[in-house]
Amino acid sequence: MKSLPQWGRSREKQLRKHLDALVKDGRVRSQGNARKVYWLPDLEEKAAARVIEALGNSPLTLKKLESTFKNVLVGWPVAKRKELLRRLEKEKRIYKVPAVKGTGILLSAQPAQPVEYLQKPIQKLAGEIRKLQKRLEKAGVTADQFFASAHALWRQALPAATNETPIPSQADREQLFLDGMKRLNNEAANGALVPLSELRQALFAHFPDRSSFDQVVLKLADEGRVVLHRHVFPGSLNREERESLVADDRGNLFVGVAFRV
Amino acid sequence: MQSFDILTNPFRNSIVTNPWQPPETDITTIHQSAFARCCQAIADVRQNHSTASVLIHGEAGSGKTHLLARFRSYIAREAQADGPGGLQEAVFIAVRMQTGQQMIWRHLRLQLANDLLRGESECQLERLLLHRLSAAGVVTGDIHSWLAEKRRENNNEPLTELEKLLDQLSRFSNGQLGFGYDLFTILGHLLLDRHRYAAAAWLRGDSLPESVQKQLFDSDRQDDENDLDPEERARRVVLALTNLATADMPLVFCFDQLEALQVDPRDIVGLFAFGQMATELHAGTKNVLIISCIQSMFLETLKNSMSEANYARLHSFDITTLNPLDWKEATLLIEARLKSVPVIAARRSLEPNQLWPLSENDVRKAFAHNACTARHLLNHCANLFETLRTGEVKSPPLSNQLGQFLETTWEERKQQAQAASAPRSTNNTEDIIIQGLSLLTNLLSKNWQRVDQRPRDIDLLFESAAGTIGISLCNSTHGYSLCKKLERLQAQVRGRKLSQLILLRDSRLPLGSGALKTREMREQIIKQGARWVEPTEEALSALDALRQLLSDAKSGALANGGDTVTAQTLEEWLVANLGEELHRTLEEFLPGSAAPAAKDEDTLRILRLLQNNHIISIEHTAVLLGKDVLEIEACARKQTDRIGVLGQPPAVLFHLVGEESAA
Numbered sequence: 000m001k002s003l004p005q006w007g008r009s010r011e012k013q014l015r016k017h018l019d020a021l022v023k024d025g026r027v028r029s030q031g032n033a034r035k036v037y038w039l040p041d042l043e044e045k046a047a048a049r050v051i052e053a054l055g056n057s058p059l060t061l062k063k064l065e066s067t068f069k070n071v072l073v074g075w076p077v078a079k080r081k082e083l084l085r086r087l088e089k090e091k092r093i094y095k096v097p098a099v100k101g102t103g104i105l106l107s108a109q110p111a112q113p114v115e116y117l118q119k120p121i122q123k124l125a126g127e128i129r130k131l132q133k134r135l136e137k138a139g140v141t142a143d144q145f146f147a148s149a150h151a152l153w154r155q156a157l158p159a160a161t162n163e164t165p166i167p168s169q170a171d172r173e174q175l176f177l178d179g180m181k182r183l184n185n186e187a188a189n190g191a192l193v194p195l196s197e198l199r200q201a202l203f204a205h206f207p208d209r210s211s212f213d214q215v216v217l218k219l220a221d222e223g224r225v226v227l228h229r230h231v232f233p234g235s236l237n238r239e240e241r242e243s244l245v246a247d248d249r250g251n252l253f254v255g256v257a258f259r260v
Numbered sequence: 000m001q002s003f004d005i006l007t008n009p010f011r012n013s014i015v016t017n018p019w020q021p022p023e024t025d026i027t028t029i030h031q032s033a034f035a036r037c038c039q040a041i042a043d044v045r046q047n048h049s050t051a052s053v054l055i056h057g058e059a060g061s062g063k064t065h066l067l068a069r070f071r072s073y074i075a076r077e078a079q080a081d082g083p084g085g086l087q088e089a090v091f092i093a094v095r096m097q098t099g100q101q102m103i104w105r106h107l108r109l110q111l112a113n114d115l116l117r118g119e120s121e122c123q124l125e126r127l128l129l130h131r132l133s134a135a136g137v138v139t140g141d142i143h144s145w146l147a148e149k150r151r152e153n154n155n156e157p158l159t160e161l162e163k164l165l166d167q168l169s170r171f172s173n174g175q176l177g178f179g180y181d182l183f184t185i186l187g188h189l190l191l192d193r194h195r196y197a198a199a200a201w202l203r204g205d206s207l208p209e210s211v212q213k214q215l216f217d218s219d220r221q222d223d224e225n226d227l228d229p230e231e232r233a234r235r236v237v238l239a240l241t242n243l244a245t246a247d248m249p250l251v252f253c254f255d256q257l258e259a260l261q262v263d264p265r266d267i268v269g270l271f272a273f274g275q276m277a278t279e280l281h282a283g284t285k286n287v288l289i290i291s292c293i294q295s296m297f298l299e300t301l302k303n304s305m306s307e308a309n310y311a312r313l314h315s316f317d318i319t320t321l322n323p324l325d326w327k328e329a330t331l332l333i334e335a336r337l338k339s340v341p342v343i344a345a346r347r348s349l350e351p352n353q354l355w356p357l358s359e360n361d362v363r364k365a366f367a368h369n370a371c372t373a374r375h376l377l378n379h380c381a382n383l384f385e386t387l388r389t390g391e392v393k394s395p396p397l398s399n400q401l402g403q404f405l406e407t408t409w410e411e412r413k414q415q416a417q418a419a420s421a422p423r424s425t426n427n428t429e430d431i432i433i434q435g436l437s438l439l440t441n442l443l444s445k446n447w448q449r450v451d452q453r454p455r456d457i458d459l460l461f462e463s464a465a466g467t468i469g470i471s472l473c474n475s476t477h478g479y480s481l482c483k484k485l486e487r488l489q490a491q492v493r494g495r496k497l498s499q500l501i502l503l504r505d506s507r508l509p510l511g512s513g514a515l516k517t518r519e520m521r522e523q524i525i526k527q528g529a530r531w532v533e534p535t536e537e538a539l540s541a542l543d544a545l546r547q548l549l550s551d552a553k554s555g556a557l558a559n560g561g562d563t564v565t566a567q568t569l570e571e572w573l574v575a576n577l578g579e580e581l582h583r584t585l586e587e588f589l590p591g592s593a594a595p596a597a598k599d600e601d602t603l604r605i606l607r608l609l610q611n612n613h614i615i616s617i618e619h620t621a622v623l624l625g626k627d628v629l630e631i632e633a634c635a636r637k638q639t640d641r642i643g644v645l646g647q648p649p650a651v652l653f654h655l656v657g658e659e660s661a662a
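Going line by line, the protein sequences match chains A and B.
Read in order, the letters of the first sequence are residues 0 to 260 in numbering that gives the first Met the number 0.
Read in order, the letters of the second sequence are residues 0 to 662 in numbering that gives the first Met the number 0.
Hint data in this document are derived by calculation from the structure and do not stem from the laboratory.
Some clues are possibly wrong.
Claimed, not checked - The calculated lysine-lysine pairs, modelled on DSBU-like cross-linking and capped at a C-alpha distance of 30 Å, are:
id: 1; chain 1: A; residue 1: K91; chain 2: B; residue 2: K302
id: 2; chain 1: B; residue 1: K327; chain 2: A; residue 2: K218
id: 3; chain 1: B; residue 1: K445; chain 2: B; residue 2: K364
id: 4; chain 1: A; residue 1: K95; chain 2: A; residue 2: K62
id: 5; chain 1: A; residue 1: K181; chain 2: B; residue 2: K302
id: 6; chain 1: B; residue 1: K302; chain 2: A; residue 2: K63
id: 7; chain 1: A; residue 1: K16; chain 2: A; residue 2: K79
id: 8; chain 1: B; residue 1: K445; chain 2: A; residue 2: K218
id: 9; chain 1: B; residue 1: K327; chain 2: A; residue 2: K181
Stated by the list, open to error - Some chain A residues close to chain B (C-beta under 7 Å, calculated; not the full set):
id: 10; residue: A46
id: 11; residue: P110
id: 12; residue: L177
id: 13; residue: H228
id: 14; residue: H230
id: 15; residue: V231
id: 16; residue: F232
id: 17; residue: S235
Positions of the beta carbon are idealized from the N, C-alpha and C atoms, including for glycine.
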């Protein structure tokens, strides 16, 4: 009320009526009964963007995350903040992942990556195994004998896993790409351009070779599901920059991709 | 149906090249969401009394300028519907960033002044001031009658009402608005239609002789124009004028051709300076909408050229994407163009093919991956229409087409630059020289590097193994200021930090016969080792044409039909085909820039190309020089001491360097 001009303050009842109508309309959000808090839907998206940005650098505990964006959500009830996080988790824009150390749960902008958890224990185990190998070498055991036994025991100790990563179907790859666009730029769903060089890097695990990435991009564009933006001056790029873009067989080089909205 | 050959081609000659040009054919559903965002942004500015910014990007030829023209027309239409000074009024300023980093504020001041003074009966500045005077309650009753009365009085007194307004504005802003006495006086003159030409020149930032200053300010004071850094002076004037905007009459800045701020693709200095300028404009004003336009491929470069905070200020409201057209949008555009020819419109209704007389299959050939820019589509359809008219498929050899196009365009631009060179604006001349010389040096002379850190009064600084050359622009028409500048420059010469100091003055601004002291100082400084250079009008016009053409190419605005001509292609052509006047100009400033002498024109042009490229395909050389491949080979083989030829059949030419040069 304090931020309103004088004429507004004297019309408090009418204002509340208008606000309630706007809430009903969906143009304004609200929470609470005795002490109602109002905000614009736009603010929710801004808050969501800030959350994802904060988590983009590294996973955070809930407490740390809250202290990071408390300025954006001044006055927001705790229940509302939790609701926002739940929604983002449901939309797979943020994820709950176990902490690498300890038993805590962190929030992250990326799903749990096995390599981050396995790295340290496997390095430690590898170090111990190498020490053991040196000791047995002195006793006449060759390195080949030693590591053959180690591998055999390893395969027995862990559940069977296929040696090859299951190849996702074409439809899965396309969906991975489209989801990747939204994760990389939270405005992508609204038509914002996503740089193809960054997307290629972000999706490297799913598209380790250049041509598989390019094929998916061009197919989606041919089907009209995304639109591509060309680079008309490839001469200004060095080789590495050119190779990070997407090329078709007509000599076109594409720098960005967007959804048509 | 009568034959097509008597009909105008509905797909030609209606590309929007600047936002002040009303779009002839405008399909409102194309780029509708981007347009809506601009409208929302200005509504946001009006509602919140704040400054907002939108960054618009799209491929070259996607319709960025067309969108700005649509937005400007929308603002004007809404204003008309609401009546003069009505709620939907706004002031529109279009700025092409064809300038260098050290001239950004002066360039902005020039463009702001030009657009504020635009308008036949009532210019934007007048509308803005009248609105302000009325809204502040300083003038009551009919504002236009008040103005007519004041103009009839025709005295030279300061306008007290304006003084009251500016005093009021200054008090509300704790004196931060920067409305100095000079600006107040000039605004009074312009509003009352007094000394209009001189006042407009002052507003643009031109240097004015003492006699004109006396007329404007009625004072014999002797102020040095350069007491305050010219960029700082320009910044204050821009911010002061911008702060005249209100929520009811906001100001819209449209910045286009940001890519032109780069001298070469790795240069970020100009973009960094733009980011700082935009941030100051954002932070130091209210009721302003800042719209910036760039090509999509340039987004990352722009982002990486400035701080995160400055980049965020460029799109505080939104970043909006202009996508190439899809098939549905393309058909709407084609249909609209076809409807503009009455004969075709009448016949179309009888045809089942909605694109008649064009065939859908033919039109679809313009598409790649379901998308096509508007420019490419219109050119493609224009060619299809020509085929219907003449019965011949239009496809001249690529080499002739590009070479001829660039030659014709270059000549046209030079003529336009020459025609636009009067009346002269010293601010504009400095822009031409600083940006033009930087670009020319980058084009023709890789030996000389521009240095950004410069001493005071040195406008351009170049260094090479041969030394350092400083260029100072001495175009001031204010005798006292010019004298003071020459005095300071004498210290530069005595200090011997520069290998050479060049004093450059526009030959169209000769020193007056009464400027005895200035002439004396000039002779002294020349005796001390400086050089006085006066580029000809032809050289300045050529420099202006060069910078405009390169700026257009960098921003994707230079197109040969539907094909964007890249900056690289244009640079290569210019290297091979620039006239002697610019080579001489550069050699005058930076000795050693010229290619070695050659007996014939073609050899000289090849050598110039190889100076920059070292190795180049024969075919590409032929395209750039507009010659046959065999001619180029024959020419190159005559110069075996300087040009190497490789391949069977010859595929490339390379620059042969002598043993001494190689060492």
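Each hint, compared with the structure:
Proposed proximity of K91 of chain A and K302 of chain B is supported: the alpha carbons are some 28 Å apart, at most 30 Å. For the hint pairing K327 of chain B with K218 of chain A, the CA-to-CA distance comes to about 19 Å; that is within 30 Å, so the pair holds. Between K445 of chain B and K364 of chain B, the direct Cα distance comes to roughly 42 Å. Violation of the 30 Å bound is thereby established for this hinted pair. With a C-alpha separation of about 14 Å, the suggested pairing of K95 of chain A with K62 of chain A holds against the 30 Å cut-off.
For the hint linking K181 of chain A to K302 of chain B, the alpha-carbon distance of about 20 Å falls within 30 Å, and the restraint holds. Using a Cα cut-off of 30 Å, the hinted pair K302 of chain B and K63 of chain A holds, with the two alpha carbons roughly 29 Å apart. With a C-alpha separation of about 22 Å, the suggested pair K16 of chain A and K79 of chain A falls inside the 30 Å cut-off, and the hint holds. Taking the CA atoms of K445 of chain B and K218 of chain A, the gap is about 44 Å. The hint is violated against a cut of 30 Å.
Restraint check: the Cα-Cα separation between K327 of chain B and K181 of chain A comes to about 26 Å, which is no more than 30 Å; the hinted pair holds. Interface hint at A46 of chain A: violated, since its Cβ lies 16 Å from the closest Cβ of chain B, which is beyond the 7 Å cut-off. Below 7 Å, beta-carbon pairs count as interface contacts, and P110 of chain A has none with chain B, the closest being about 26 Å; its hint is therefore violated. For L177 of chain A, the shortest C-beta to C-beta distance to chain B is roughly 16 Å, which exceeds 7 Å, and the interface hint is violated.
The criterion of a C-beta within 7 Å of any C-beta in chain B is met by H228 of chain A, whose closest approach is roughly 4 Å, and the hint holds. The restraint placing H230 of chain A at the interface with chain B holds, with a minimum CB-CB distance near 4 Å, inside the 7 Å limit. The criterion of a C-beta within 7 Å of any C-beta in chain B is met by V231 of chain A, whose closest approach is roughly 5 Å, and the hint holds. With 7 Å as the threshold, the beta carbon of F232 of chain A comes within range of chain B, its nearest partner Cβ sitting at about 5 Å, so the hint holds.
Residue-level restraint check for S235 of chain A holds (minimum Cβ-Cβ distance to chain B is 4 Å; threshold 7 Å).
Hints 3, 8, 10, 11, 12 from the earlier list are contradicted by this structure; the remaining hints agree with it.
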